[in-house]
Amino acid sequence: MTTTVPDEAAERHTSPGTADGPRRRPGRIRRIGLPYLLLLPALLLELLVHLVPMVIGIVMSFKTLTQFYLRDWTTAPWSAFDNYRTAVDFNAPVGEALLKSFTVTLTFTLLSVGLCWLIGTTAALYMQENFRGRGVLRALFLVPYALPVYTAVITWVFMFQRDNGLVNKVLYDQLGLTDKPLFWLIGDNSFYALLTVSVWKGWPFAFLIVMAGLQNIPRELYEAAALDGAGMLQQVRRITLPSLRPVNQVLVLVLFLWTFNDFNTPYVLFGKSAPEAANLISIHIYQASFVTWNFGTGSAMSVLLLLFLLVVTGGYLWFTSRGRRTADV
Amino acid sequence: MRTERTAAVAAVTMSLALAATACGGGSSTGGGSDDSPKTLTYWASNQGASVEVDKKVLQPELDKFEKQTGIKVKVEVVPWSDLLNRILTATTSGQGPDVLNIGNTWSASLQATGALLPWTAENFGRIGGKDRFVDSALGSTGAEGKDPAAVPLYSMAYALYYNKKMFADAGISKPPATWDEFRAAGKKFSKGGKWGLGVEGSNLSENIHHAVVFAKQQGAEFFTPDGRPDYTNPKAVTGVKQFVDLMAKDKIIAPGNAEYAQNQSVSDFAKGRTAMLLWQSASANLTSQGMSEDAYGIAPVPVQSGTPGTGTGVNSMVMGINMAVFKNTDNLDGATKFVKFMTSDGEQKILNQAYSSIPPVKGAQADPAFNTPANAVLKDTLAKSAIAAPQVAEESQFETTVGTAVKSLFADAAAGRPVTEASVKAALDKAQQQMPTK
Numbered sequence: 265m266t267t268t269v270p271d272e273a274a275e276r277h278t279s280p281g282t283a284d285g286p287r288r289r290p291g292r293i294r295r296i297g298l299p300y301l302l303l304l305p306a307l308l309l310e311l312l313v314h315l316v317p318m319v320i321g322i323v324m325s326f327k328t329l330t331q332f333y334l335r336d337w338t339t340a341p342w343s344a345f346d347n348y349r350t351a352v353d354f355n356a357p358v359g360e361a362l363l364k365s366f367t368v369t370l371t372f373t374l375l376s377v378g379l380c381w382l383i384g385t386t387a388a389l390y391m392q393e394n395f396r397g398r399g400v401l402r403a404l405f406l407v408p409y410a411l412p413v414y415t416a417v418i419t420w421v422f423m424f425q426r427d428n429g430l431v432n433k434v435l436y437d438q439l440g441l442t443d444k445p446l447f448w449l450i451g452d453n454s455f456y457a458l459l460t461v462s463v464w465k466g467w468p469f470a471f472l473i474v475m476a477g478l479q480n481i482p483r484e485l486y487e488a489a490a491l492d493g494a495g496m497l498q499q500v501r502r503i504t505l506p507s508l509r510p511v512n513q514v515l516v517l518v519l520f521l522w523t524f525n526d527f528n529t530p531y532v533l534f535g536k537s538a539p540e541a542a543n544l545i546s547i548h549i550y551q552a553s554f555v556t557w558n559f560g561t562g563s564a565m566s567v568l569l570l571l572f573l574l575v576v577t578g579g580y581l582w583f584t585s586r587g588r589r590t591a592d593v
Numbered sequence: 099m100r101t102e103r104t105a106a107v108a109a110v111t112m113s114l115a116l117a118a119t120a121c122g123g124g125s126s127t128g129g130g131s132d133d134s135p136k137t138l139t140y141w142a143s144n145q146g147a148s149v150e151v152d153k154k155v156l157q158p159e160l161d162k163f164e165k166q167t168g169i170k171v172k173v174e175v176v177p178w179s180d181l182l183n184r185i186l187t188a189t190t191s192g193q194g195p196d197v198l199n200i201g202n203t204w205s206a207s208l209q210a211t212g213a214l215l216p217w218t219a220e221n222f223g224r225i226g227g228k229d230r231f232v233d234s235a236l237g238s239t240g241a242e243g244k245d246p247a248a249v250p251l252y253s254m255a256y257a258l259y260y261n262k263k264m265f266a267d268a269g270i271s272k273p274p275a276t277w278d279e280f281r282a283a284g285k286k287f288s289k290g291g292k293w294g295l296g297v298e299g300s301n302l303s304e305n306i307h308h309a310v311v312f313a314k315q316q317g318a319e320f321f322t323p324d325g326r327p328d329y330t331n332p333k334a335v336t337g338v339k340q341f342v343d344l345m346a347k348d349k350i351i352a353p354g355n356a357e358y359a360q361n362q363s364v365s366d367f368a369k370g371r372t373a374m375l376l377w378q379s380a381s382a383n384l385t386s387q388g389m390s391e392d393a394y395g396i397a398p399v400p401v402q403s404g405t406p407g408t409g410t411g412v413n414s415m416v417m418g419i420n421m422a423v424f425k426n427t428d429n430l431d432g433a434t435k436f437v438k439f440m441t442s443d444g445e446q447k448i449l450n451q452a453y454s455s456i457p458p459v460k461g462a463q464a465d466p467a468f469n470t471p472a473n474a475v476l477k478d479t480l481a482k483s484a485i486a487a488p489q490v491a492e493e494s495q496f497e498t499t500v501g502t503a504v505k506s507l508f509a510d511a512a513a514g515r516p517v518t519e520a521s522v523k524a525a526l527d528k529a530q531q532q533m534p535t536k
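Line by line, the protein sequences give chains A and B.
First residue of the first sequence? That's 265 in this note's numbering, and the numbers climb one at a time after it.
First residue of the second sequence? That's 99 in this note's numbering, and the numbers climb one at a time after it.
Quick caveat, the hints were computed from the structure, so don't treat them as lab data.
You may find that some hints are simply not true.
[Claimed, not checked] With the Cβ distance kept under 8 Å, some of the chain A side facing chain B (calculated, not the full set):
#1 Phe326
#2 Trp337
#3 Val400
#4 Leu449
#5 Gly451
#6 Thr556
#7 Asn558
#8 Thr584
Here the structure is a predicted model, which means the values were calculated and not measured.
Think of the CB as a built atom: it goes at the ideal place given N, C-alpha and C, for glycine as much as any other residue.
Starting from the given sequences, assemble the full structure and let the hints guide the process.
Rendered as structure tokens:
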């Protein structure tokens, strides 16, 4: 009984608190809830802008979505994995064309990213030295990156024209490097035309990022290396490149994804039907869905592309960060 | 406390608004209503030299319509490169114009999507009846046996445009009527940087329009009577090869034409770089390029025998523009009135003169304005020797796949690679494989 007294006392003591509790709790919920409430619009927007279209795309890839169901595509019949089967059946024409386009895209992307990186890094290294006109040159180098894609690429279209284009004027008329004017926008040379424009458009980004990365390398390292008798090449190999490693890791990945997915450049260069030598996968998918009005197959190809890029990105990040960890040890 | 509450209210309001817009879009139910009777949206195709020219041509007519009916028409002139994609997007989302122009070759394809209002006898009655229109134009308004998906608005046909002075200089007294004469004439012009003929090798639609006619002259169709693609039949191969051979074998087309897609061949002709051009209703275009009307002559496109007619004597597709009402319109009555207005005899005269096309409406076609020698050739072709595009649901895919095949054949020819029966057949076979299987 005596023990209850303190209990009661305690109860009585806390009772104002509990009596206060119900009155204060909404306030607490409100205080805790407000940040989430404020996040809600952003979350909804994220759903609306990113996730919903992606999910719809994936749903579409399981449907036979041809022109007959366009008006109300929810009525299109389910086709299970038929679209995927069509896309990866490499013995049938559709799959064969997809595989070919995939190979072209991969070759193109590797070459383009490699060249962008090489030119960008070289330019950034040379721009490290202080000399007159450096600012002007830096600005000039960034112009291709700053130009609107359409304007830039349409200019290239004019330059690549066979009869009146600047490229043939220089290569054939003035330098005599080719024995006849070449076609750049149709036929096999279109691959090189596409590669040229892509590198021209992409390297300033590499230049910009590497230049920023170079600012973070302490000058003392170079001075110490110079004292030890390391030449320019040695310095680049032993100091610059290892220090740029984290920058390059991101740079190469971003360039790869952008180039692999690039739609604007080939579309403006070649229009709806790209020549086979330059038939990038994004254009190919566009053609499969918009031009032949088979949105189901197009979506299936897009999902496959998404999966491939996920695997590549994951693999790349795993590989490069593992390499770095061992290097750090 | 107060600011916190305001923030919370704002956040909730915004979320609700977002959710509402997310759910609100794209409801594609309903088959037309009269919810907004005072306005109409109209997508016009680009018929004149530029989008701006079209706006100037159309606006006074739309003002006239507003005066008559009190309905305001908001017009947007959509370039050809975008038109089909825009229509597809509108179809998918249900958010489109009330009235729109379509290329008449797309009629059956768009009809299959169910996006366009079918022109039943009753609907035709509201615009004055089906028999006001010319038969050949009605043949390109949708699949046979179904109610048309659109009504004819402007009609066009291919003709042979030739440079009179170049013909006189070469001592050729009359335009060629057979392909043999055509090739012989072409060879005379193709020297010293000038060429016999100009084509748009990278323009898929142009390629198709010629491929269909060349194949038909051999007696071939690209679709079987039950609507299956049949691109590789030997006669179609011969027809397509004959067209590409104008560059590959006969060498009367400059190789550079293989990459033309922006009407460069029209400006080449206007500048006197080529002596001949096969084009549809080119007069207005040539005038805007600075070529005076007495500098060129117009003749029917050659045929194998020399006399255009039906069957293997055809020398043009029935080209033209149709006008359709979007099924989801919220001003059905106004849309119908607008179609009636645009296809009335008076408007037909004004618009077709502005675009150098032929009215598909009988009453307007009889007008003397369409009896000039140039228009007589086009009218004659439409009436006697033009065939409709294949009226099958896959016509639009046909244009792209076969158009691409011809483009690649021109690329081969331009690069000096041989164009053989086998290579033509292979290209057409590839095109056929890309068609959706039924």
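A quick look at each hint next to the structure:
The interface hint given for Phe326 of chain A is violated, since its Cβ lies 17 Å from the closest Cβ of chain B, which is over the 8 Å cut-off. Satisfaction of the interface hint for Trp337 of chain A is found here, the shortest Cβ-Cβ separation to chain B being roughly 6 Å, below the 8 Å cut-off. Against a cut-off of 8 Å between C-beta atoms, the interface hint on Val400 of chain A is violated, since the closest Cβ of chain B lies about 36 Å away. For Leu449 of chain A, the suggested interface contact is upheld, since its CB lies about 5 Å from the closest CB of chain B, less than 8 Å.
Below 8 Å, beta-carbon pairs count as interface contacts, and Gly451 of chain A has one with chain B at about 5 Å; its hint therefore holds. At about 5 Å, the closest approach between the beta carbon of Thr556 of chain A and any beta carbon in chain B falls short of 8 Å, and the interface hint on this residue holds. The criterion of a C-beta within 8 Å of any C-beta in chain B is met by Asn558 of chain A, whose closest approach is roughly 6 Å, and the hint holds. Interface restraint check: Thr584 of chain A against chain B, minimum CB-CB distance 38 Å, threshold 8 Å, status violated.
Checked against the numbered hints above, the structure violates hints 1, 3, 8; every other hint is satisfied.
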